[in-house]
Every structure is written in C-alpha cells, then in structure tokens.
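S.K.: Required output: the full structure, derived from the provided sequences and hints.
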Amino acid sequence: MSMIDQTDQAEVETTPLHVRIGRFMGDYPVIPLIILLGCLVGVLEFMRPGIISPFWLGNTIKFAIPLAMLAACQMLTMLTAGIDLSAAVVATVSAFVVASVTPLYGPFAGVMIALGAAVLVGLVNGFGVGVARVHPLIMTLGTGLIATGCLQVYQRFVINTGADIPDFLEWLGTGRTAGMPNGLFLFVPFAAAILLGLRYTGFGRLLFALGSNEHAAKLSGVRSWQVFMALYALVGLIAGITGLLYVGMIRAPSLSLANPLLLPSVAAAVIGGTSIFGGRGSYAGTIVGALILTVIGTLLTLLQMPQGARVVFFGLIILGVTALYVRLTENR
Amino acid sequence: MSFAQKHAWTLGLVALFLVLLGITKLVQPTFGASGLESLARAALPFAFATAAMAVVVIVGGIDLSVASIMAVCAVTAAVLMESMGAVPAVLITLAMGLGMGMINGALIVLTKVPDIVVTLAMLFVWEGTALLILNAPGGTVADGLQSAIAGSFLVDGLPNALIVMAVAIAIVWIPLKRSKLGLSIYAVGSSELAAFRSGVAVGRTKIAAYGICGLFCAMGGLSLIMLTGIGEPVPGPYLLASVAAVVLGGVVLGGGIGGLLGPIIAVFILRIIRTILTLAAVDPNVTTIIEGTIMVGVVMFGAVLMMRRRST
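As you go down the protein sequences, you meet chains A and B in turn.
Last residue of the first sequence? That's 332 in the working numbering, and every number before it is there in order.
Last residue of the second sequence? That's 1312 in the working numbering, and every number before it is there in order.
Hints are computed from structural coordinates only; laboratory data are not their basis.
Careful, some of the hints might be misleading.
[What the hints assert, rightly or not] In the SDA-like style, the derived pairs of lysine to any residue whose C-alpha atoms are separated by at most 20 Å in a straight line are:
1) B:K1112 <-> A:R327
2) B:K1112 <-> A:V326
3) B:K1025 <-> B:A1042
4) B:K1112 <-> A:H18
5) B:K1112 <-> A:A217
[What the hints assert, rightly or not] If you want the footprint, here are the derived chain B segments under chain A, 3+ residues with CB under 8 Å:
6) 1113–1125
7) 1237–1247
8) 1285–1297
Ideal Cβ placement from N, Cα and C applies to all residues, glycine included.
M.R.: Listed below in structure tokens is the structure:
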C-alpha cells in the first residue's frame, strides 16, 4: 500500500509541469477554453465599450449554432481519425434542395429530399472510408467535388421554379424568443443527444475505440466498416440539418451558401480539444470552440482584417493548436 | 528484369493513352495537331501539380497545399511582371515556390504533426496569402511567355507546351534522381527507420523533397498565368486531380515506389477523357461529375492496392 503511494507521489514530483498541464488540458479541455472565451469577450468590450449586451449575446449564439453543428461533423469523424471536408458542400446541397423543392411539392417533401441527398453523400463517404479504405480527407474532398458538380447540373433543371424557404425554417433561423435565437430549440436537444450519445451508447464508445486503436477494436469483434458507414451517414444527416437551419438564417439559397463555414468548423473542433488523430474529443469543447471562433470573427471584423488575413489566421490556428497538442501529449 | 517487365505499368499507361487518342479521333475525325496542342496546354498546370505531388508521395508524405501554392505563385508572378521583366519575375517566383515548399517541410519535421494535417492547415495559409497579394484577378504576363506554349515545335503534332513541360520537369528531376538526395528521397519513402539507421538525414531529406514540390508548384503557377494571361488568387481543382494522377501513374501512396513519367502520362489520360467527353457534346457540368467519379474511383483502387501490398 505505502509502496504504491510512494511511486504515485514520485511520479507526480518528476512529471514536468507542461506534461501535467497537457494531461489536464486533455482531460478537461473545456475549462481553459471557457477562460479563453472570457478573455476574448473582455478584449472585445475593451476595444468597443458597450458592445456586450443581451442582443449581442443572442446574435453571437445565433451565428455560433450552425458552426457548432457543422463542427459536430468534424468532431465525430475526427474521433475515428477522420475528417469530413464534404460537410459544408452537403449543407449547401441540402439548403439548395429544400429551397427549390418546396415551391413544387411542399415543405415536408423538400426537407425529406434534402436530408435524403445529405445521407446519400454520407453513405458514399462511408463506403469509401470503411470499405475501400481511402483516406477520409481525400474521399470527402472527392465527394464534395462530385456533389458540387451534381448541384450545378441540378440547378439548371430548377432555375425556373423559383426558391421558397419553408416558414418554420425561417422561424428557426431568424426568430427570437425572449431575446435568444429560436435556433436553440433545435440545438439544445441536438447537443444533448450528441453529448449523451457519445458517453452512454455503444455506438459512441465504438467511435472512441476505433479512433484509439483500430486494430485492437477489430480484434475485439468490431466490424469497422459498418461503424464507418453508420458514422458517415449520420454525419451527412447532421450536415444536412445544418444546411436547413442555415438557409433559414441567410434566406437566400446559393451554390456556395455554407462553404465558408468549412474551415471554421474544422478549427472549432480542433480548438475544442478534439484530436485529429482520433480517440480523443468532446462535444462540449467543440461548442465552446465554435463560440470562441464567432467572437474572434467579431474581433477581426472590428479590426477590419481583410478576408485573406482571416483565412491565414484560421489555418495558423489549426496548425498551432495541433502542434501544441502533439507537443503536450508526446511524453505520455 | 527486362525493360518491358520493369516498365510494365508505364507501358500500359502509354497503350491506354494511345487507345484513348484513337477514340478521340473516332469521335471527332478532324482532331489533329491543333487538338493535341490544346490538350498539351490544358494539361500543363495539372502536369506540374502532379509532378509536385509525386515527389512528396515518393518521400512518404502528401501535400494538400499544392493548389494553394500554385495560386500564390501565379499572383506573385502576375504582380511582379507589371513592374519588371519576365526573367527576374520568373526566377523570384520559382524561389518563392521553393521557399514555401521548404516551409511546409520544415513545419512537418519540426512540429512532428503528420504531413496531412500540416499541409491541410498550410492549404488555408497559402490560400489566404494569395488573397492578400491580389484581392481580385489581375496582374499581367510578359508576351513572350504566352506565345512560348502556343503552337507546335518543328513538326506538327509536337506541341510547344509539351516541350516546355518536359524540359522544365526533366531539368529538375533527372539530375536529382541520379544524385545522393534522390536516393535519400526513395530511401526515406521506403522505410524512414531503415533510412535513418543507414545514416540518411531524414529531416533534411523531407524538407528538400517538399522544397522540390514547391518548385514544381511554382512552375505550375507560372503555367497558369501563361494560359490565362492573368493572376487568379483562388486555387484551382488541382489537388484531387494530382492525387488521382499520381496513383494512376504507379506511385504508391505511402512512399518509395514510382517515378515522374507514369504520373505525367496519367495526367494526359485524365485530360483526354475530358476532351472526349467535351467532343461528344456532354454537358460540361456532367463532365465534371464523371471526372470526379473517375478520380475518386482511381484513388479507391490505389487504396485497395496498398492494402493488398501491406497484407502480403
């Protein structure tokens, strides 16, 4: 007994500080992230006193919601050491389809067809990643290109039908209840489902198992291709729902509607403590990551940063945070 | 091993290309020297992107930022040519490409983050850089450069663009492949650990390979402005196309096997498929879908081949 205590103590004493910080960050990534978020809001208030108000809070949350949902796609695939670069295109496809089908067949059919297309792309991704074993990055990049091509062909068939966005999507996207955006009615149950699903369902644990050690998971009887098919189909569905919400928010379907969200969604997941190498991540961190990026976006707008500098900045964030995680966790 | 056995894959690609050329002739009986010229011109940026990708795949990595580096080089050259002659502008652009590639390589070696993640992040960094250099399409190109890739050389059917491409790639690749560095690149790609234990400086070799990748990207960027006459800050569709051509060209994802000749022939195969579809009056958007599907299929095929190789 005392032996064990001693070795434990010895280990604590000899562990360098940065390793312990790394472990702490790895175990509770949300706490330092919330501190960072607080600092950023402080900087914002310092730069433009009086900007922080209930209205500002509602607006920030409103724009963080679609980002956080798309970041869920990245987070879930990253748990299995993947990534989904087609998520933004899928969201755009779903938004465009719902707006073009609604005037013809009504909102219900519009939503169903839009989500069907989204799941289809997801299934193709799942097939490529799980069965043909293509690297997820290359696979989803390819399906994203193909989906964009399909969208352009589709657009010409529906160019005369006009676009109509279902009322309930506009209510969800732009309406407010008690100062808070209505999008929360969708997002809170969604976030709860992801958070609880990852922790308490077998599927959630399978994702962590596959990401930590795919070989070991396979030897324990996991049929990895089935998990990948289900995962990428689910991720396609989430991206599709994000597209529906986003078109309700922007109210103007276009062929590149959600595409600018792709890079921030990857960045949000990475900032939120999700390891791009699989096996580690949480949705709580991802949500805070999305909020951080939205606040940073406001800051960059206040500083009148050109678009190019923003893109550079997001790229550097992804690289910097990943390098930091590698450095902090390599001594484990 | 006889010549035919050693180069079976490349010879197969040549045969496939000739068959496709025959099909083109069937679809469009008037297809001739001018058709070949426009094919070679359209293939230029793809060929350079593929050469760039092939070098880093051989060293065991992958570079997702090739299209972005090409965009940076294209806008740099276009802006420089407004104020100076073609020769210094081209030299500065080539040096920039080399530098950007070496930055990629150095970041991979120093941060120990996998190639695919670093170059994904750098894809965005270079894309933003291109936008900072030139916010909207602009700049200019020296006249001599544009005419350099037009027309045919000596005989009809030997496009100038093809000569430019072959000379530019050979001038870098052939001396390299025969040098110690070239051998190191193949060694690191085959087995990093074995290369390290045989005394190869793994880090330096990787940085050099990424630098050469950047150099080819700079050539690709120059070819872009030679084609369009204008600097375009938005990256083109060269990433997936180059990966597909590299895989189809017989370079194994994972490193150590393959050369540049196969991938370049593969570029022409992928390009001529597009020509055939266009001549057959297929909708250009549908052509994009078919092309994308072929490329994804090729990459899937490559991944399956790699699994087979690993398991045996």
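S.K.: State for each hint whether it applies.
M.R.: How the hints compare with the structure:
1. Between B:K1112 and A:R327, the direct Cα distance comes to roughly 8 Å. Compliance with the 20 Å bound is thereby established for this hinted pair.
2. Taking the CA atoms of B:K1112 and A:V326, the gap is near 7 Å; set against the 20 Å cutoff, the hint holds.
3. For the proposed pair B:K1025 and B:A1042, the alpha carbon gap of about 18 Å is at most 20 Å, so the pair holds.
4. Straight-line distance between C-alpha atoms of B:K1112 and A:H18 comes to about 17 Å, which keeps the hinted pair within the 20 Å bound.
5. At roughly 26 Å between alpha-carbon atoms, B:K1112 and A:A217 are farther apart than 20 Å, so this suggested pair is violated.
6. Restraint check on the segment 1113–1125 of chain B versus chain A: 11 residues with Cβ-Cβ distances below 8 Å, three needed, restraint holds.
7. Against chain A, the segment 1237–1247 of chain B contributes 4 residues with a C-beta closer than 8 Å to a partner C-beta. That satisfies the three-residue criterion, and the hint holds.
8. Coverage of the segment 1285–1297 of chain B by chain A holds. Counting CB-CB distances below 8 Å, 8 residues qualify, and the rule asks for three or more.
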